[in-house]
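> Sequence:
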Amino acid sequence: MNPLVLRSARQHIGVVLLSRRFVFSLDEAIFKAIDRDKFQAIYDRHAVADPGDTWPKYLDLNRWIRTNLQRVHELDLDWGRRKQILDIGSGAGYFLFICKWLGHDPLGLDLDELPMYGEMTRMLGIPRIIWRVKAYEPLPPFDHKFDLITAFMICFNGHKSPTLWEPAEWSFFLDDLETRLKGGGRIQLGFNRENDGRFYPENVRRYFLERGGVIDEQRVTFRPGLSHAR
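For the record, in the sequence shown the residue sitting at position 184 is 193 according to this note's numbering, with numbers rising by one throughout.
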């Protein structure tokens with residue numbers, strides 16, 4: 010595990026997040042916060058011997074907690090003020106669970122097609138809105154705006170299908186997301202590889218750059234306030 014994930018002993022809402030044993034301390038504390046009996050019951054219902062790239066892979070608790078600790082660190086959520094966070098396609102809820110454990114205010118948005126995801130998010134105490142993201146359709150109304158909107162390993166963009174989103178679809182979607190952000194808020198998108206091995210078509214990559222996106226391989230980050238100020 011990259012030791013930068015648990016780098017320093019900083020404070021968040023008056024709570025020390027990281028201790029002297031920085032490589033393992035937060036890691037262990039997160040695991041202890043999960044009800045292992047309830048998790049085991051979910052695991053027993055849904056796990057398969059060799060999940061490959063199918064959804065039961067998310068029952069590998071060690072792998073996905075560590076993956077999401079890395080995301081939390083890269084987004085600077087392991088320090089600073091409390092943030093309101095929307096995660097689109099929240100899946101099993103590990104990312105938002107860690108955010109909640111750190112003191113943030115999380116909300117998931119996802120389909121209700123896989124029982125395991127619903128069971129996991131309820132077990133982890135993550136609020137979730139059931140919603141299908143569609144091209145040219147806005148997200149549902151929310152009670153508040155967000156400091157951060159994330160979408161990891163995106164599939165709602167017509168992933169590996171003939172209807173893969175073009176710049177027009179992304180323009181509508183990102184315009185809508187910007188209306189859900191607080192001033193100074195951020196959007197981070199994370200992509201899966203398409204059939205050609207790329208994360209997005211070249212015209213979409215150019216569009217993201219023209220919109221002010223910062224591209225780091227599969228991740229694209231937007232800070233609308235900064236982009237519009239240029």
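If you are wondering where the hints come from, they were derived from the structure by calculation, not from laboratory data. Where hints are given, some of them may not hold.
What the hints assert, rightly or not - In silico DSS-like pairs for lysine-lysine, Cα to Cα no more than 27 Å straight-line: (1) K143 x K191; (2) K169 x K191; (3) K66 x K41; (4) K41 x K143; (5) K169 x K154; (6) K169 x K109; (7) K191 x K154.
Said to hold, decoys possible - Pair by pair, the computed Cβ-Cβ distance ranges are: (8) G192 x R220: 29 to 35 Å; (9) Q49 x D121: 21 to 27 Å; (10) P124 x N204: 24 to 30 Å; (11) F40 x W64: 17 to 23 Å; (12) E226 x H153: 27 to 33 Å; (13) D225 x D44: 19 to 25 Å; (14) C164 x A42: 33 to 39 Å; (15) S170 x D114: 33 to 39 Å; (16) R207 x S180: 15 to 21 Å; (17) E203 x E146: 19 to 25 Å; (18) D59 x C164: 41 to 47 Å; (19) T172 x A42: 36 to 42 Å; (20) R131 x L235: 33 to 39 Å; (21) P210 x D44: 29 to 35 Å.
Since we're looking at a predicted model, the values are computed, not measured. For each residue, glycine too, the CB sits at the ideal point set by N, CA and C.
> State for each hint whether it applies.
Hints, one by one, checked against the model:
no.: 1; hint: K143 x K191; in the structure: holds, 23 Å
no.: 2; hint: K169 x K191; in the structure: violated, 33 Å
no.: 3; hint: K66 x K41; in the structure: holds, 21 Å
no.: 4; hint: K41 x K143; in the structure: violated, 37 Å
no.: 5; hint: K169 x K154; in the structure: violated, 31 Å
no.: 6; hint: K169 x K109; in the structure: violated, 32 Å
no.: 7; hint: K191 x K154; in the structure: holds, 5 Å
no.: 8; hint: G192 x R220: 29 to 35 Å; in the structure: violated, 18 Å
no.: 9; hint: Q49 x D121: 21 to 27 Å; in the structure: holds, 23 Å
no.: 10; hint: P124 x N204: 24 to 30 Å; in the structure: holds, 29 Å
no.: 11; hint: F40 x W64: 17 to 23 Å; in the structure: holds, 22 Å
no.: 12; hint: E226 x H153: 27 to 33 Å; in the structure: holds, 32 Å
no.: 13; hint: D225 x D44: 19 to 25 Å; in the structure: violated, 35 Å
no.: 14; hint: C164 x A42: 33 to 39 Å; in the structure: violated, 28 Å
no.: 15; hint: S170 x D114: 33 to 39 Å; in the structure: holds, 34 Å
no.: 16; hint: R207 x S180: 15 to 21 Å; in the structure: holds, 20 Å
no.: 17; hint: E203 x E146: 19 to 25 Å; in the structure: holds, 22 Å
no.: 18; hint: D59 x C164: 41 to 47 Å; in the structure: violated, 22 Å
no.: 19; hint: T172 x A42: 36 to 42 Å; in the structure: holds, 40 Å
no.: 20; hint: R131 x L235: 33 to 39 Å; in the structure: holds, 37 Å
no.: 21; hint: P210 x D44: 29 to 35 Å; in the structure: violated, 43 Å
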